[in-house]
Structures are given as structure tokens and as C-alpha cells.
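Peer 1: Now for the letters of each chain:
There are 2 protein chains.
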Amino acid sequence: MEILAFDFGGTRGRCCLAQPDGSHDDIVGLARSPDEHGAKWLARLLEAGRELNQAPGKRRIVAISFGGPVAPDGRVVSMHVPGWEKVDLAGEMSRAFQLPVCVENDANAGALGEHRFGAGRGTRHMAYFTVSTGIGGGVILDGQLYRGAHGLASEFGHMVMDASPKAPQYAAGKPGVLEALACGPAIERDGRAKLGALGKPVPAGFTSKHVFDAARRGETWAMEVRDAAVAQLARGVAAAICAYDVERVVIGGGVSLAGDALFEPLRRMVTRYLPHYLENKADVVPAALGDNAALLGAVVAAAESGT
Amino acid sequence: MEILAFDFGGTRGRCCLAQPDGSHDDIVGLARSPDEHGAKWLARLLEAGRELNQAPGKRRIVAISFGGPVAPDGRVVSMHVPGWEKVDLAGEMSRAFQLPVCVENDANAGALGEHRFGAGRGTRHMAYFTVSTGIGGGVILDGQLYRGAHGLASEFGHMVMDASPKAPQYAAGKPGVLEALACGPAIERDGRAKLGALGKPVPAGFTSKHVFDAARRGETWAMEVRDAAVAQLARGVAAAICAYDVERVVIGGGVSLAGDALFEPLRRMVTRYLPHYLENKADVVPAALGDNAALLGAVVAAAESGT
Numbered sequence: 001m002e003i004l005a006f007d008f009g010g011t012r013g014r015c016c017l018a019q020p021d022g023s024h025d026d027i028v029g030l031a032r033s034p035d036e037h038g039a040k041w042l043a044r045l046l047e048a049g050r051e052l053n054q055a056p057g058k059r060r061i062v063a064i065s066f067g068g069p070v071a072p073d074g075r076v077v078s079m080h081v082p083g084w085e086k087v088d089l090a091g092e093m094s095r096a097f098q099l100p101v102c103v104e105n106d107a108n109a110g111a112l113g114e115h116r117f118g119a120g121r122g123t124r125h126m127a128y129f130t131v132s133t134g135i136g137g138g139v140i141l142d143g144q145l146y147r148g149a150h151g152l153a154s155e156f157g158h159m160v161m162d163a164s165p166k167a168p169q170y171a172a173g174k175p176g177v178l179e180a181l182a183c184g185p186a187i188e189r190d191g192r193a194k195l196g197a198l199g200k201p202v203p204a205g206f207t208s209k210h211v212f213d214a215a216r217r218g219e220t221w222a223m224e225v226r227d228a229a230v231a232q233l234a235r236g237v238a239a240a241i242c243a244y245d246v247e248r249v250v251i252g253g254g255v256s257l258a259g260d261a262l263f264e265p266l267r268r269m270v271t272r273y274l275p276h277y278l279e280n281k282a283d284v285v286p287a288a289l290g291d292n293a294a295l296l297g298a299v300v301a302a303a304e305s306g307t
Numbered sequence: 308m309e310i311l312a313f314d315f316g317g318t319r320g321r322c323c324l325a326q327p328d329g330s331h332d333d334i335v336g337l338a339r340s341p342d343e344h345g346a347k348w349l350a351r352l353l354e355a356g357r358e359l360n361q362a363p364g365k366r367r368i369v370a371i372s373f374g375g376p377v378a379p380d381g382r383v384v385s386m387h388v389p390g391w392e393k394v395d396l397a398g399e400m401s402r403a404f405q406l407p408v409c410v411e412n413d414a415n416a417g418a419l420g421e422h423r424f425g426a427g428r429g430t431r432h433m434a435y436f437t438v439s440t441g442i443g444g445g446v447i448l449d450g451q452l453y454r455g456a457h458g459l460a461s462e463f464g465h466m467v468m469d470a471s472p473k474a475p476q477y478a479a480g481k482p483g484v485l486e487a488l489a490c491g492p493a494i495e496r497d498g499r500a501k502l503g504a505l506g507k508p509v510p511a512g513f514t515s516k517h518v519f520d521a522a523r524r525g526e527t528w529a530m531e532v533r534d535a536a537v538a539q540l541a542r543g544v545a546a547a548i549c550a551y552d553v554e555r556v557v558i559g560g561g562v563s564l565a566g567d568a569l570f571e572p573l574r575r576m577v578t579r580y581l582p583h584y585l586e587n588k589a590d591v592v593p594a595a596l597g598d599n600a601a602l603l604g605a606v607v608a609a610a611e612s613g614t
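Protein sequence lines, in the order shown, are assigned to chains F and D. Those letters in the first sequence? Residues 1 to 307, per our numbering, in order. Those letters in the second sequence? Residues 308 to 614, per our numbering, in order.
Please note: incorrect hints may appear among the correct ones.
[As the list claims (entries may be wrong)] Straight-line C-alpha distance at most 27 Å; calculated DSS-like pairs for lysine-lysine:
| # | chain 1 | residue 1 | chain 2 | residue 2 |
| --- | --- | --- | --- | --- |
| 1 | D | Lys516 | D | Lys473 |
| 2 | D | Lys481 | D | Lys507 |
| 3 | F | Lys166 | F | Lys200 |
| 4 | F | Lys194 | D | Lys516 |
| 5 | D | Lys347 | D | Lys393 |
| 6 | F | Lys281 | D | Lys481 |
| 7 | D | Lys473 | F | Lys166 |
| 8 | D | Lys501 | F | Lys166 |
| 9 | D | Lys481 | D | Lys501 |
| 10 | F | Lys281 | D | Lys393 |
| 11 | D | Lys473 | F | Lys86 |
| 12 | F | Lys40 | F | Lys86 |
| 13 | F | Lys166 | F | Lys209 |
| 14 | F | Lys209 | F | Lys194 |
| 15 | D | Lys501 | D | Lys516 |
| 16 | F | Lys58 | F | Lys86 |
| 17 | D | Lys393 | D | Lys516 |
| 18 | D | Lys481 | D | Lys516 |
| 19 | F | Lys166 | D | Lys481 |
| 20 | D | Lys473 | D | Lys507 |
Calculated directly from the structure, the hints in this document are not laboratory data.
Construct the entire structure; sequences and hints are all you get.
Peer 2: Right, dumping it as C-alpha cells:
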């Protein structure tokens, strides 16, 4: 069996032809333009997949990583993902390729990818946070992806961290959830506000990366913005450790690329927010597979689905 | 096989002789006096158990529910439980009865008891909160108790809800954890403070029960104290639902006896703190076994331990 794998990422799409053990040919990457939602974006990735699928080979199945809730039966629960409200992703892919299709949530897929091939290798219980345009989560318990009763487990980004009336709101989430306080755009928002309040200019193309870079240089405004966001992320990581008692927490997504400027304060603050007897029981480490974790995790999910 | 079961509760101890299916003879209950810690309290429960063990019967094992962390190998991690620092509970029981011993954390045992015989029957994924002199948790995933890497999973009471510098601290926990904001003594503390601030007298023997009773009668001071505590508990319940995507959350412990005065606002606030797509996916219900959940859960844990 071979796996024709797709990752419908927020800003990039990927596809490749992989073996069940995760080995794969070249990964085809496509940049998504901001207006390429739902059906339009699907058509572009389909086209790329059709080319890959022309190569001769064994019986194939289609594996998909999707950036939104996925029901346990592989149906996409996409009502709150802009552009996907009416797209039957699994059905379209199945019709296009005349192959069985297995869809996995991208954070769950990322957890599987990191567990089998990346920073989570060798652990029995592992939690995965992806911190990028949102905050997603996945969890491996007893070596297996745990999905929950409705395929909605490990929604760490939606834990309420700030229940005050003035808590910030982000995308479709409730006010004050972790995602609204510590994802990339939230850090960017808070960085802009801090610079504005200090009467400093906001650099062109300002993102959360500027905040981490300036914090690394020791600039006070940036360290304050970073530490506030990292404190919230640390509370989320500590809550996941309290819930699952994992051996390791793997942090991926664009924000995790900040390296020590993120992980040094994060580890310190996670310890602060854990009960004494859970301190230093779980490692907090960066993801190892970068942008490919979800794509490779989708391969694992499909290979193990019995499809 | 029969099971000689013990529950070392905070204020009461229990023991009984049970069958693996949970059926049991009369439960012997003992009230613990405040100075009866560790070895002293152990001796009293041992004495009661010896009497029960005189009855003729099949091969027996000892099952224990203990109110503190228990390592996955059944060793008691009791360094932070006053009076138990140097007591080898499993070893003492094993020597006393010359029988194999199986120790389970009381909240984990409560979860097992409610899942097999109580309010969690028929669910595949269930979380259990016990709200009494502290807040403990247990979780059943795929029908089995999930213990985590170090036997410390589902420590819901130690999730940080209030990270502000003035957050209250309670027992050995970090400041601002759920337990410090919403357990029985925390509600009592906040009720006393509120009455004091209003210049009202504090009734003799004042406890959290007075707060719920007065809230039920519509007294504003009590509704405010109750709603503040219940909002924190709701955030903890919502965080557990985000983590595990369970079908049901069972709430036990003394505070849960407040009935609708607790559950009506709790259900409303849990919904407020969940992402839209997780609203109303999990029932929030009172425990059914009252004080016996942990004792009967210890029976289940021992029966299924393969000991």
C-alpha cells in the first residue's frame, strides 16, 4: 500500500507520495493566496495530487491533514472554518481519485508525526501544541492518538485563561482563550499595541517574530510582550500536564521557531504553574519535523486506519 | 477471589468485604479525629479490617483508596500528605494481612466507582471531579482508568485559574489553582470574608453548605460567593472537556451535595467557557454513589489489577 498524502495548511499546502513507514518522495509545496478558500484551494491541491498519482505503484489510499475539527468517522466538521462551510472534502477527494480517504485534524496529525518520526519518539504519553496562526493540540496516550468522543480532544487553544470581561477575543473562539492570548497574531497584536503605547514606530511587516527577536536582544518592551504571552502558553502546557501526566510536551508551529527566546522562559514558567510533585516530570521540547509534521502524521493515521 | 477494601478518606474511613463485581457486605465506617494522622489512623482501619477478615471466604486481596498521589506501581507518593511522610501504607497492609495489596488514588478510585456502578455507567470517556476539602480528579478513557506516566493524571484541582500576584493559596498547592478557589474550605473562606465585609454575623459552624443554602434562598451575598467559585469550577470542567472530549463529567464530593444550587449555574457556565463546537457535547451530572465511590472503585481497581 502507498499513501497519497495532503496537508491543507493555513498558508501552505503540501502533498507527497509516501510509504506506510513514513518514507516519501519529494514533498510538493504550494503557497496559498489569501483569497484561495475552500473549493478553490482544494482544486489546486487536487491538481498537484493528480500529477503525483500518475506515477505507477501499489494500491493507494488518500491521507489528509485538515486545519479544523474532524469527526471520528473522518467527516470534516468545517462549519467554523471560513470557506469550507459547504465543501465535502473527504467526498471530493474520494471522487477525484476513486480511492479511500482518511482525514485527520492537523494538530492531531502533527502529534502523530512528531511521535513516530520527530521529537516525541520513544515516549508512551506525549502532548503536542502547535502555536502558529492559532493554537492547536494533539495527544498521544499509550502510544496511540487519543481523539475523544467526538474527535475534538486536546483543544488546548480553547481553554479559557482570562475570564475577565475585557479579555481579548480571536477568530471564532470565546474571549480569553489561550489562542486569543498566545498565538502568533495575538503576540503581534500585543507587540503593536505596546510599541504604540510607547510612541515607538512599528516596523514594516511586523509579526510575532519581531517580538521574539527584540526580546532576544534584551529590549524591554519585547520581553514584556513575550513574557505575558509565554506565561499564558505555560499555563496551557501545565494544564495539559495536569490532565494527562505526559512524559513530554512537544511545541511546534511557526512561533516555536523562536527557539530559546521562547523555550527558556516557557520551561521556567511551566514549572511555576505545576504542583510541586509534577515539576520537571515532563520535558518541554521543540518539534523536530517543522512544517512536515502534519503531512507525515496524516500518513501514519491513514496507514493505521485499517482503510 | 474476594476483596478486603479500605478507603482512607480525609474525615472518614471505610472498609468492607466485596466481590469483584462490586457487591459487598455492610460497609464499616469510622470517623477520623483531627489528630489521627498516618500511622495512628492506619492502625484504627487495620483493626476494623482484621475483624472483617476473620469471616471465612475465598482467597483475598487488599484494595486501598488513598487521598494522595499514588505511583503506578501502587506505591504511595505521600511526601506532601501530612502524617503520611514516612508510612509505608502498602507494605504495612501487606504485612498485617499477608495478602497482596493494590493502592489507588482516591479520586481515581472515585472515577472508577462512578463509571462502573454510578453516574458514569455506559459512557466510554468520562471525567470525574471530587469537590470537597480539596479538588481531585479521575478520568476514564476508552472504558479504562487513565493514570498517566507517573500515576498523576487528571490533577484538575491543580490547574492554575488565577495567575495574578494576589491569588489565594491553599494547602500545599501553588497560588490560584482551582482547588484554592473552589473547594469546600475555599468557598467557606470567601463566604466568611463576604459576610465580614458586609458587617453581617457569621453563623456558628459556618461551611460552604451555608453559602449554597443561602444562595438557594436568593440571598445576594451568597449568590455572589457561589457564582465566583462555580465560575472557576466551570473553567476547570471546561478545560477537562477541551482536553479529553468526554461524554460525561461526574461531580462528586461533599460540595456536590448542594444539588441544583451548584449544578444549575455550573452547567450554564461550563457552556460559556467551551468553544461553540464543544457546547452541550458532555453532560455534567452529580455523582450517584456518594461517599462510597472511592471504596467501590478501589474494589474495581484491585479486581482488574491481575493481582
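Peer 1: Now look at each hint and say whether the structure bears it out.
Peer 2: Verification of the supplied hints:
Restraint check for Lys516 of chain D and Lys473 of chain D: satisfied, since their Cα atoms lie roughly 26 Å apart, inside the 27 Å limit. Distance check on the hinted pair: Lys481 of chain D and Lys507 of chain D sit about 31 Å apart at the alpha-carbon level, beyond 27 Å; violated. A threshold of 27 Å between alpha carbons decides the hint, and for Lys166 of chain F with Lys200 of chain F the separation of about 25 Å falls inside it, so the pair holds. Our distance criterion of 27 Å between C-alpha atoms is broken by Lys194 of chain F and Lys516 of chain D, whose separation comes to about 46 Å.
A threshold of 27 Å between alpha carbons decides the hint, and for Lys347 of chain D with Lys393 of chain D the separation of about 12 Å falls inside it, so the pair holds. Pair hint Lys281 of chain F plus Lys481 of chain D holds up; C-alpha atoms about 16 Å apart against a cutoff of 27 Å. About 19 Å separates the Cα atoms of Lys473 of chain D and Lys166 of chain F, which keeps this hinted pair within 27 Å; it holds. With a CA separation close to 24 Å, the supplied pair Lys501 of chain D and Lys166 of chain F stays within the 27 Å bound.
A threshold of 27 Å between alpha carbons decides the hint, and for Lys481 of chain D with Lys501 of chain D the separation of about 23 Å falls inside it, so the pair holds. Pair hint Lys281 of chain F plus Lys393 of chain D holds up; C-alpha atoms about 22 Å apart against a cutoff of 27 Å. For the hint pairing Lys473 of chain D with Lys86 of chain F, the CA-to-CA distance comes to about 48 Å; that exceeds 27 Å, so the pair is violated. Between Lys40 of chain F and Lys86 of chain F the CA atoms are separated by roughly 12 Å; this keeps the pair inside 27 Å, and the hint holds.
As the CA atoms of Lys166 of chain F and Lys209 of chain F are separated by approximately 26 Å, the hinted pair is consistent with the 27 Å bound. Simply put, Lys209 of chain F and Lys194 of chain F have alpha-carbon atoms about 15 Å apart, close enough for the 27 Å limit, and the pair holds. Distance check on the hinted pair: Lys501 of chain D and Lys516 of chain D sit about 15 Å apart at the alpha-carbon level, within 27 Å; holds. At roughly 33 Å between alpha-carbon atoms, Lys58 of chain F and Lys86 of chain F are farther apart than 27 Å, so this suggested pair is violated.
Taken as a hint, the Lys393 of chain D and Lys516 of chain D pair is broken in the structure, with Cα atoms around 35 Å apart against an allowance of 27 Å. Restraint check for Lys481 of chain D and Lys516 of chain D: satisfied, since their Cα atoms lie roughly 25 Å apart, inside the 27 Å limit. Pair hint Lys166 of chain F plus Lys481 of chain D holds up; C-alpha atoms about 25 Å apart against a cutoff of 27 Å. Annotation: proposed proximity of Lys473 of chain D to Lys507 of chain D holds, straight-line Cα distance about 25 Å (limit 27 Å).
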